[in-house]
Amino acid sequence: MSKLSKKIALVGPFGVGKTSLFRRFIDDAFSEDYKSTLGVQIQKKVIHMDNGTALSMILWDTEGHEEISESRSSYLLGSHAFIYVFDLTRIDTYKNINQQIDFLKNNYPNVLIKIVGNKLDTVVVKRVKESLKDHNVNYDCLTSAKTGVNVAELFVDIAVDLTN
Amino acid sequence: MDNLNKKKFNDKVQLITISHNGVVSFTDSNLFNSVVVGDLIYELHPFFEIIKSLLSTYTPANNEFSFPCVHLTMGSASKERICDVNITVELAEIHVVIFDYTTTYKELNKISQERNESIIKNQELVFSNKLLLEKESFKNDFIANINHEVSTPITSIKGFLDLLKKTDLSYEQEELIQIILRESEHLERIFSDMLDLSKIEMGAFKLLEEPFDLIELIDSIVESYKHIAKENALEFKVDIDTKLNAKMIGDKTRIYQIINNLLNNSFKYTEKGFVKFKVSKKGGKYKKQIVQFEIEDSGIGIDKENQATIFEAFVQHNDKGEGSGLGLHVVKSLVHLMKGTVEVESELGKGTKFILDVRLRHDIADNEKKKAPNVKLKAPKSGRYRVLLVENKRSTQYLITRLLLNQGCFFVDVVSSAEEAIKAIENRTYDLLILDIKLTGMSGFDLALKIRKDYADEFIKDIPILGISAIKTLNIENLCAINGIDSFLAKPFSEELLVGKITKLFKRKGKQYS
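Chain order of the listed sequences is W and G.
Residue numbering for the first sequence follows my numbering, starting at 1 and increasing by one per position.
Residue numbering for the second sequence follows my numbering, starting at 1001 and increasing by one per position.
Everything labelled a hint here was simulated from the structure, so no lab data went into it.
Misleading hints may appear alongside valid ones.
[Claimed, not checked] Under the rule of at most 25 Å between Cα atoms (straight-line distance), these lysine-lysine pairs were calculated in the DSS-like manner: (1) Lys126(W) to Lys1121(G); (2) Lys1079(G) to Lys45(W); (3) Lys35(W) to Lys1135(G); (4) Lys133(W) to Lys1135(G); (5) Lys129(W) to Lys1135(G); (6) Lys1052(G) to Lys126(W); (7) Lys1106(G) to Lys3(W); (8) Lys95(W) to Lys1135(G); (9) Lys1079(G) to Lys44(W); (10) Lys1135(G) to Lys126(W); (11) Lys146(W) to Lys1130(G); (12) Lys1106(G) to Lys44(W); (13) Lys35(W) to Lys1139(G); (14) Lys105(W) to Lys1052(G); (15) Lys1130(G) to Lys129(W); (16) Lys114(W) to Lys1052(G); (17) Lys1110(G) to Lys133(W); (18) Lys1139(G) to Lys133(W); (19) Lys1166(G) to Lys129(W); (20) Lys95(W) to Lys1052(G); (21) Lys146(W) to Lys1121(G); (22) Lys1135(G) to Lys45(W); (23) Lys1139(G) to Lys44(W).
[To be verified] Which stretches of chain W does chain G cover? Using the computed rule of at least three CB atoms under 8 Å from a CB of chain G, they are: (24) 30-39; (25) 69-82; (26) 90-100.
[What the hints assert, rightly or not] According to the in silico footprint, chain G covers these stretches of chain W (three or more CB under 8 Å from chain G): (27) 4-16; (28) 42-49.
Note that the structure is a prediction, hence the values are computed from the model and not measured.
The C-beta atom is built at its ideal place from N, Cα and C for all residues, glycine as well.
Here chain W stands alone, though its shape is the one from the complex:
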């Protein structure tokens, strides 16, 4: 059995649910209380892939910033994947998303990027999809850290992409 270790950084504006996704994936837990993340918290989860690889996903849950360029570069250093999270209930968190993604692509080429809209449980999907289309948001998946919808799938997708 081969072992692999990959760093995945959760990035995006504050209050979008990065820590909630992190907690849902690591501990399968959720809290309604918002507690802003200070700096970075790091946890590891090992996923056993179908091809026999034991993948250590080292998740860096970073503090939120309105502009990704404000994030501490040392947190992003050495990442194998970025999960850029935005809040489906706050247009401000996705209206300029393409600029944020371009920043990541330009400064961290060849790093996998997943764009994720969170808080799916609080919105009307049809309506929110129209809004995302209006703002030209090419998301990878929509999740609810609260209900767990699409959370495991998101991390499994990343694991597959990183091990292929």
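Please arrange chain G on chain W, whose structure you already have, making use of the hints.
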């Protein structure tokens, strides 16, 4: 070195030295005492896995890396510390310096937490407000569309019932027609209330300011309800103040609607006894006058706790299960727009009294005005008026044709589309075009504009056009005027309204009438 560190940095710093393969070769125990020489640092905390990538990227000139504000826990008994971690990669070994700033960072976090919460709440409010506005707009569009869809069949139903009433009927058939008419009117009122409410909520509702005869209005209301009182074996007491000024300025239709809703309510919830309608002059100066309407009944009444909510939308405090629960809400909203007041006094089982104060303007100039003579449509010398009806709904085609033929002075040609209408007007001269605005293909507006602009022949370009539609947007009459339509009639309409509109239009356009 351990003692030196303790002395110098007051137990807030831990120094760890590791080999390039991650084995701890030196450590003090100031912060995390579970770390011991020989440990593999990658197993102490996942943060240290970062060292692997640093080893592959560092250069002698760029060998210092700083990681501020990292949450670290090492060893099961260790508490979480928020630390700045500096890593220096050298050829032989790696130095890790951990600074514990937990207290400072936690203090800072309070400020950031408050700031973030405030911004998030604000952004969520903006979003939910936007959603609410969208929902409201959707609801209003929906109501307007539904109203349009319902108005057309109601027009047909009522129109055909009117025609049916004029045929030979048995007593039972007449009674049944009366019931169907009453129910159609009830349905019409519900939709009309819904549309009014939606307009009021959008702020798109405008009250008219036009002269009207208050006494005539009151008389017409009394006449209608006398019949209802008789049908329901109720006493209808009427008390009209003789000091009331007849000539007023205001929105007659809406005053009628308010009183009609209140009286309708009283009759609905009174099985025996009386309904009283009192109108009095309450006060006012010079041109302004407050007119008080009181509608009292001996019906089922409303208990005290429900009186506060009786004017809210979709509220019904009875088990009769009739009505939409909108009537009284419309009353309150209209009275509010008129800057008037409406109050309710009621006792369960004994009855209800609504007291309505409406501010109106006294039309002083009216005394000199002369009433326009009633115009009755007569056949022209040439024989009959030729009308082209452009309507795509078969039932409405049939209804209007029958209503016009009943007058005895019209020939009616019927087409279903604007394209057919163009062929017809190019081949025959018409005295009137009755045009449904919502046609499939070319719209009624487009057809009217084409007639006004594309033809030199005055028999075509000057043809009087009466627009008809169930669309009841606020500016429909303006839109008609802009597009060359002379007059507009909203569905549903009665025979009298249709003929009245045509008569006025002919008069305006100088057609023969007497």
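**Q.** Given hint Lys1121(G) paired with Lys146(W) - CA-CA distance at most 25 Å
**A.** holds, 18 Å
(Q) For Lys1110(G) and Lys133(W), compute the direct alpha-carbon distance and say whether it is at most 25 Å. (A) Not satisfied, since the Cα-Cα distance of roughly 36 Å exceeds 25 Å.
Q: For the pair we were handed, Lys1166(G) and Lys129(W), check the Cα-Cα distance against 25 Å.
A: violated, 57 Å
Q: Mind taking a look at whether chain G covers the stretch 90-100 of chain W? Criterion is 3 or more residues with CB to CB distance under 8 Å.
A: Contact hint for the stretch 90-100 of chain W vs chain G: holds, 4 residues under 8 Å.
(Q) Need the status of pair Lys95(W), Lys1052(G): alpha-carbon distance at most 25 Å? (A) violated, 36 Å
Q) Going straight from one Cα to the other, do Lys133(W) and Lys1135(G) come out at no more than 25 Å? A) At roughly 19 Å apart (the allowed maximum being 25 Å), Lys1135(G) and Lys133(W) satisfy the hint.
(Q) Given the hinted pair Lys1130(G) and Lys129(W), is their Cα-Cα distance within 25 Å? (A) holds, 15 Å
Q.
Against the 25 Å threshold, does the CA-CA distance of Lys126(W) and Lys1121(G) hold or violate the hint?
A. holds, 23 Å
Q) Okay, the stretch 42-49 of chain W and chain G, do three or more residues pass the C-beta test at under 8 Å? A) holds (count 3)
Q) Within 25 Å, alpha carbon to alpha carbon, are Lys1139(G) and Lys44(W)? A) violated, 49 Å
Q) With a cut-off of 8 Å between beta carbons, are at least three residues of the stretch 4-16 of chain W near chain G? A) holds (count 4)
Q.
Between the alpha carbons of Lys1135(G) and Lys126(W), is the straight-line distance 25 Å or under?
A. holds, 13 Å
Violation of the numbered hints given earlier is confined to hints 3, 6, 7, 13, 17, 19, 20, 22 and 23; the remaining hints are satisfied by the structure.
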